[in-house]
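Undergrad: Each chain, letter by letter, is given below.
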Amino acid sequence: MFNFFDELKKKSTNAEMLSNFNIVNMSGMLMYVEGHQGLTVLSTKMIAFKVKKGRYVVEGEDLKLSELTENTMIIQGKIVKTELF
Amino acid sequence: MFKKGRTCVKVKGLNQERAINNIVKKIKIYNYNRIEHDVCEFEVDFSNHKVLIQILAEANLEITKISHQGILSNFKRLLCSYGIIVALLICSIFYCLQYSFILKIDVFGLDKKASGEIISFVNKNMSSRYKGKIDTKQIEFNVKKNFEEVSSISVAIIGQSLIININEAVIPEEMKEGEAIICQFDGLITDINLVQGTLAVDVGDIVQKGDILVHPYIIDAEGKQRMVAPKAEIYADIWLSGIENHYEHYTSTERTGKKFVKSEIYIGKILLYSNSAIFPFEEYQTEENIICLTKNNILPLYRKNIICYQTETKVIDEKFSAVQDQIIEKARKKALIFLKENEIIKEENYTIREEDGFHQIEFVLTVNRNIGG
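Going down the list, the sequences are from chains X and C. Counting in our numbering, the first sequence runs from 1 upward without gaps. Counting in our numbering, the second sequence runs from 1 upward without gaps.
No wet-lab data here; the hints were simulated from the structure. Fair warning: this is a prediction, and the values are worked out from it, not measured in the lab. Every residue gets a Cβ at the ideal spot worked out from N, C-alpha and C, and that includes glycine. There's no promise every hint is true.
Using 25 Å as the maximum straight-line C-alpha spacing, the simulated PhoX-like pairs for lysine-lysine come out as follows [claimed, not checked]:
| id | chain 1 | residue 1 | chain 2 | residue 2 |
| --- | --- | --- | --- | --- |
| 1 | C | Lys340 | C | Lys330 |
| 2 | X | Lys64 | C | Lys10 |
| 3 | C | Lys330 | X | Lys78 |
| 4 | X | Lys52 | C | Lys28 |
| 5 | C | Lys12 | X | Lys50 |
Among the chain C residues that face chain X by a calculated CB cut under 7 Å, a handful are [said to hold, decoys possible]:
| id | residue |
| --- | --- |
| 6 | Ile20 |
| 7 | Asn21 |
| 8 | Val24 |
| 9 | Ile29 |
| 10 | Asn31 |
| 11 | Asn33 |
Far from chain X, by Cβ distances over 10 Å, these chain C residues were calculated [as the list claims (entries may be wrong)]:
| id | residue |
| --- | --- |
| 12 | Ser73 |
| 13 | Pro216 |
| 14 | Val261 |
| 15 | Glu282 |
| 16 | Asn370 |
Model the full assembly from the supplied sequences, consistent with the hints where possible.
TA: Structure follows, in C-alpha cells:
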C-alpha cells in the first residue's frame, strides 16, 4: 500500500533515523502530527507535546485540536511558530 | 448530524493535559477547544461516553455540561422513553388483535345495489368476524344458493377484507321480471301493439297520468300467472297546453339603467367603513353581494356591495283586442315547448276566458304519442 511518509523517507540516505515522528503543516492553518507521545501544554496560543527524543511546541492563535488519538493529532488554527527541543 | 453520534462535554479542572493523555489512550477526541485556563470542551464518539466519564472522574475533573448528538443517541433516548414504548406496545398488540378480524366485505362483478344485498346477506350469515372461523367455501355455497343472478363465485380473505368475486348469470330478456307500464300523460288511446305482458286498457279508452297500461305478467297455458317484463307500443292522442294571461290595466316597474354602488367593510357584524349613507334615487331596487377579504377564517373581514338600480313605475292601459293575436301566439309558443322532435301536430285550438279587465288564453295542441314505454 502506498504510504506518503514512507515514499518520502526513501529519498533520504539515512532513512532509519527518520522514524521518530511525522509532522505536516498545511499553509500554517492545519497541522497533522503522527507519533506524539502525550500532550504537555494545551491552550489556544500554544500546544506542546512530547515526541521521541524531544518536545515539540506549536505556537499560534485560536489553536484547537480537531482530532486527537493516542499517537496522532490534527491542530487547527493560525500556526505561527513550531519548535523542537 | 453525526450518524454514529457524538457526545460533547465541557470539563472544568486543573492539570487537564494529563487527563487528556489518559483519555486518548482509550478513545479518540474531536474538536478539543480550551476555552479558559481550567475549562475545555471536546467531543468523543457516543459509544465511548461512559468510558470518558469514568476517566474524568478518576482524574477529579468536573463535567459541567454533557450533551449527545446523532441518530444513535436519539434512538437510545427514544428507547428510554417509557411512555412511547408502552404506547408502541399497546398499538402493536391492538394491531395484532384487530388484524385477526375481517373489517370490510368487498363485492366485485355486480352493480352497487346487488352488491349491497350480498354484503348484508354475508354479514347476517357470518357467525364471527374472526378470520380463523370464516369458512369461505360455505359463504360461496350460501350466496350461490340464495342469489339467482350469481353464476359463479369465489371468496377469499385478503388482509382484513373479505373479497367476493362474482360472475353474473345472463338471464334472457323474456325471463326477467319487470314493473307495470304506467301512463305518463292524460290522453285518448288510438292504437295498441302488445309485445309482452297483459293489457289493462283498450283502444278508445281515456287514460289519466298514473294509470296502469300493461301488467307485468302473463297467464300461461296452465292458467298460472307468470311474471315478465312488460313491453308494448301504445299510441294515444295527448294534449299539450300553454296559458297566457292579459290585464287591460296594470302598473309596471322597470329599471331605467342608472345605478349606484354602495360599499361597506365589516369585521364580523361590526361596520368599519361605508362610502355613502343614503341612496341617491327616490325609487329603486337593490341587490347585495358579499366578498370575503381574507383567505383564512381567523379574521372575518368582508366587503358588502349594495347595488342600487333606479326604477320607474308606469301605469299601462292596453286593450285586449289590440294585442289579442300577440297573446295567442305567446300561449302557442308555451304549448310548443312540450312538443317532441319530429312530432306531428294533429290539431290546434285555443279558448279565451274573460273576466273584468282580465283575459286568459289556453292554447291546446293535440299530438299522437307512444305512451307505452
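Undergrad: Below or equal to 25 Å on CA atoms is what counts here, so check X/Lys52 against C/Lys28.
TA: Cα-Cα ~21 Å, so holds.
Undergrad: Hinted pair, alpha-carbon criterion (25 Å max): X/Lys64, C/Lys10. Please report holds or violated.
TA: 14 Å, holds
Undergrad: Would the stated hint for C/Asn33 survive a check requiring a Cβ distance to chain X of less than 7 Å?
TA: 5 Å, holds
Undergrad: Find the nearest Cβ of chain X to the Cβ of C/Ser73 and say whether that gap is larger than 10 Å.
TA: It holds; C/Ser73 is separated from chain X by about 20 Å at its closest Cβ, greater than 10 Å.
Undergrad: Run the distance test for C/Lys330 versus X/Lys78: straight-line Cα separation, threshold 25 Å.
TA: 102 Å, violated
Undergrad: Is C/Pro216 truly not at the interface, in the sense that its beta carbon sits beyond 10 Å from all beta carbons of chain X?
TA: 94 Å, holds
Undergrad: Please check whether the beta-carbon of C/Val261 is more than 10 Å away from every beta-carbon in chain X.
TA: 71 Å, holds
Undergrad: Under 7 Å is the threshold here; is the Cβ of C/Val24 close enough to any Cβ of chain X for the hint to stand?
TA: Holds, about 5 Å.
Undergrad: At a threshold of 7 Å, is the proposed contact between C/Ile29 and chain X supported by beta-carbon distances?
TA: 4 Å, holds
Undergrad: Return the status of the interface hint for C/Asn31: holds when the least beta-carbon distance to chain X is below 7 Å, violated otherwise.
TA: This interface hint holds because 6 Å falls under the 7 Å limit.
Undergrad: Next item in the hint list is C/Asn21. Is there a CB on chain X closer than 7 Å to its CB?
TA: 4 Å, holds
Undergrad: Does the structure keep C/Lys12 and X/Lys50 at a Cα separation of 25 Å or less?
TA: Answer holds: C/Lys12 to X/Lys50 is near 24 Å, not above 25 Å.
Checked against the numbered hints above, the structure violates only hint 3.
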